[in-house]
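Visitor: With chain A's structure known, arrange chain B on it following the hints.
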Amino acid sequence: MHPYTDSGSKDTRSGFGAGLLELGQSNPNVVALCADLTGSLKMDAFAAEFPERFFQTGIAEAHMIGMAAGLTIGGKIPFTGTFANFSTGRVYDQIRQSVAYSGKNVKICASHAGLTLGEDGATHQILEDIGLMKMLPGMTVISPCDYNQTKAATIAIAEYDGPVYLRFGRPKVPNFTPSNAPFVIGKADILTQGSDVTICANGHLVWEALEAANALEAEGIQAEVINFATIKPLDLESLLASVGKTGRVVTAEEHQRNGGLGDSIAQALGMHLPSPIEMVAVNDSFGESGTPAQLLTKYGLDAANIVAAVKRVMNR
Amino acid sequence: MANSIQDLPSQVRRDILRMVHAVQSGHPGGSMGCTEFFVALYFDILRHQASPFNMDGSGEDLFFLSNGHISPVFYSVLARSGYFPLDELKTFRKLNSRLQGHPTTHEGLPGVRIASGSLGQGLSVAVGAAQAKKLAGDDRLVFTLHGDGELQEGQIWEAALYAGSKKVDNLISTIDANGQQIDGSTDDVMPMGDIGSKFIAFGWDVMHIQEGNDLEAVRSGILQAIAMTGKGKPVCVVMHTSMGHGVDFMAGTHKWHGIAPSDEQLAAALAQLPETLGDYPA
Chain A
1 MHPYTDSGSK DTRSGFGAGL LELGQSNPNV VALCADLTGS LKMDAFAAEF
51 PERFFQTGIA EAHMIGMAAG LTIGGKIPFT GTFANFSTGR VYDQIRQSVA
101 YSGKNVKICA SHAGLTLGED GATHQILEDI GLMKMLPGMT VISPCDYNQT
151 KAATIAIAEY DGPVYLRFGR PKVPNFTPSN APFVIGKADI LTQGSDVTIC
201 ANGHLVWEAL EAANALEAEG IQAEVINFAT IKPLDLESLL ASVGKTGRVV
251 TAEEHQRNGG LGDSIAQALG MHLPSPIEMV AVNDSFGESG TPAQLLTKYG
301 LDAANIVAAV KRVMNR
Chain B
1 MANSIQDLPS QVRRDILRMV HAVQSGHPGG SMGCTEFFVA LYFDILRHQA
51 SPFNMDGSGE DLFFLSNGHI SPVFYSVLAR SGYFPLDELK TFRKLNSRLQ
101 GHPTTHEGLP GVRIASGSLG QGLSVAVGAA QAKKLAGDDR LVFTLHGDGE
151 LQEGQIWEAA LYAGSKKVDN LISTIDANGQ QIDGSTDDVM PMGDIGSKFI
201 AFGWDVMHIQ EGNDLEAVRS GILQAIAMTG KGKPVCVVMH TSMGHGVDFM
251 AGTHKWHGIA PSDEQLAAAL AQLPETLGDY PA
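Chain order of the listed sequences is A and B.
At position 247 of the first sequence (counting the first as 1) the number is 247 in this note's numbering, and the numbers step up by one without a gap.
At position 96 of the second sequence (counting the first as 1) the number is 96 in this note's numbering, and the numbers step up by one without a gap.
Please note that a few of the clues may not be correct.
Straight-line alpha carbon distances no greater than 16 angstroms define the calculated EDC-like cross-link-like pairs of lysine to aspartate or glutamate that follow [stated by the list, open to error]:
| # | chain 1 | residue 1 | chain 2 | residue 2 |
| --- | --- | --- | --- | --- |
| 1 | B | LYS90 | B | ASP279 |
| 2 | B | LYS166 | A | ASP36 |
| 3 | A | LYS311 | A | ASP196 |
| 4 | B | LYS166 | A | GLU52 |
| 5 | B | LYS167 | A | GLU52 |
| 6 | A | LYS232 | A | ASP189 |
Treat the hints as calculated values from the structure; they're not laboratory data.
Only chain A is shown next, with the shape it has when bound in the complex:
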């Protein structure tokens, strides 16, 4: 059985808020911008403690992204905060020209990503954001798995000079990674050792992958679960080392199959180590209203679906 325990479920967005507050205290160049979702993004503590470094833009996401790019001119490190849909799809051209092409040190921090946003429904449940962001040259893309890792990633991206997309979510989910583990951009974490199949997951589905590994172990299948919190740059070394051993891969993510982690893994394996692969992801559909758990089940993203995907890949 995997050695991880839920130390108390928490939302990943609160990890972002805690990390941002800590950055406010440790790095005077860190500034934050929010488009009228300060409470939802858990940016209130930063805003209260550092009002002169917090910029409320109102419901004007395009302006927020441009303004963040401008704040870098003078050495500030801006963190923008809004929902993932409004952080990416709504402002793609602003990110492309004013941030990515201009090479600006902006940290685009996006909450309420994926289906687990829940009841608000498909207008807000963006499942394309990782694809949009990873296509931009020079953009680093990160989707941490729990509160602790989101907090650590928030702190780590301030130290990195370049544009970053940091994706997290709304619901409370198991918090199981160590609270003191530093986040290393571009380094995947091997969570369980296994020889039969590699499960590459990120975000909320890392816990589902660990649960799946437990179920598989009961059936005698040893799964190596790897947390690919960084989608870009992809940790090719860890991927090839694991798949070189197991020969089979399942990917799991709360995103469209097109453009997500699985798409990056398949591309890498196709070029370097062709191997059977199954993908647990949303397949060319929008979401809908429901509870996070209901939605993960209906759209085939829970632990049971990961187990089924492993069995499919084992039979190929």
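Guide: The following block gives chain B in isolation, referenced to the frame of chain A:
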């Protein structure tokens, strides 16, 4: 370097036309209409350091070109103010050049602090840079230039609302009111109404430069705008210009927005523009 600022507009217009002619692409009309503005800004108004170029621009006035397609006038004036060698103008829009079709930081061209081309983004960037200056206690100013047609982009008004409401009063945004855009006159394409009143309604102080192609009028107008800064409001300058100004057959029409002159047209145009400071080597 210029013997006299008066010598510059004719020479800059020669640069614009020769650059666009050489690659048979680019945007001469708006560039020629804004020539006096760029000359006044870079050779008289801005407190800036061309070399070595410092991206952060601490202690300097900053300028952001939001309507990036008028890159020819920007490049000519940057080169002639010493940001990069004059003979680099001959690489405009060619492969492996730092002088991309639209200005960018990507190739490291000194003097450019943001990419622009997709319209409507420069005002937000300038607001951010202006806020960074306030945070740093830097009392220098931030300038922008926008086309009047560009004001049709919604992001401009997001930024205008922010700057007015949040009292970004170290910012001077100039609107090139030439009444033209690609498809025709702004009155035909999308009538802009009273631009000044719109900015006033968004919480800005507004002034007009009626003779935007008169160097002294532009210079004194911008100085007046500077005197309006620091009073709790951003400043908008509505600058009335003529697209294609300086060459009789190019002036006052949208037709030269994005068209390069032929060999004959170039010769005819250059005959109207004295070579005051020496052309860049072809």
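Visitor: All hints, please: hold or fail.
Guide: Cross-check of the supplied hints:
no.: 1; hint: B:LYS90 x B:ASP279; in the structure: holds (11 angstroms)
no.: 2; hint: B:LYS166 x A:ASP36; in the structure: holds (15 angstroms)
no.: 3; hint: A:LYS311 x A:ASP196; in the structure: holds (11 angstroms)
no.: 4; hint: B:LYS166 x A:GLU52; in the structure: holds (12 angstroms)
no.: 5; hint: B:LYS167 x A:GLU52; in the structure: holds (14 angstroms)
no.: 6; hint: A:LYS232 x A:ASP189; in the structure: holds (14 angstroms)
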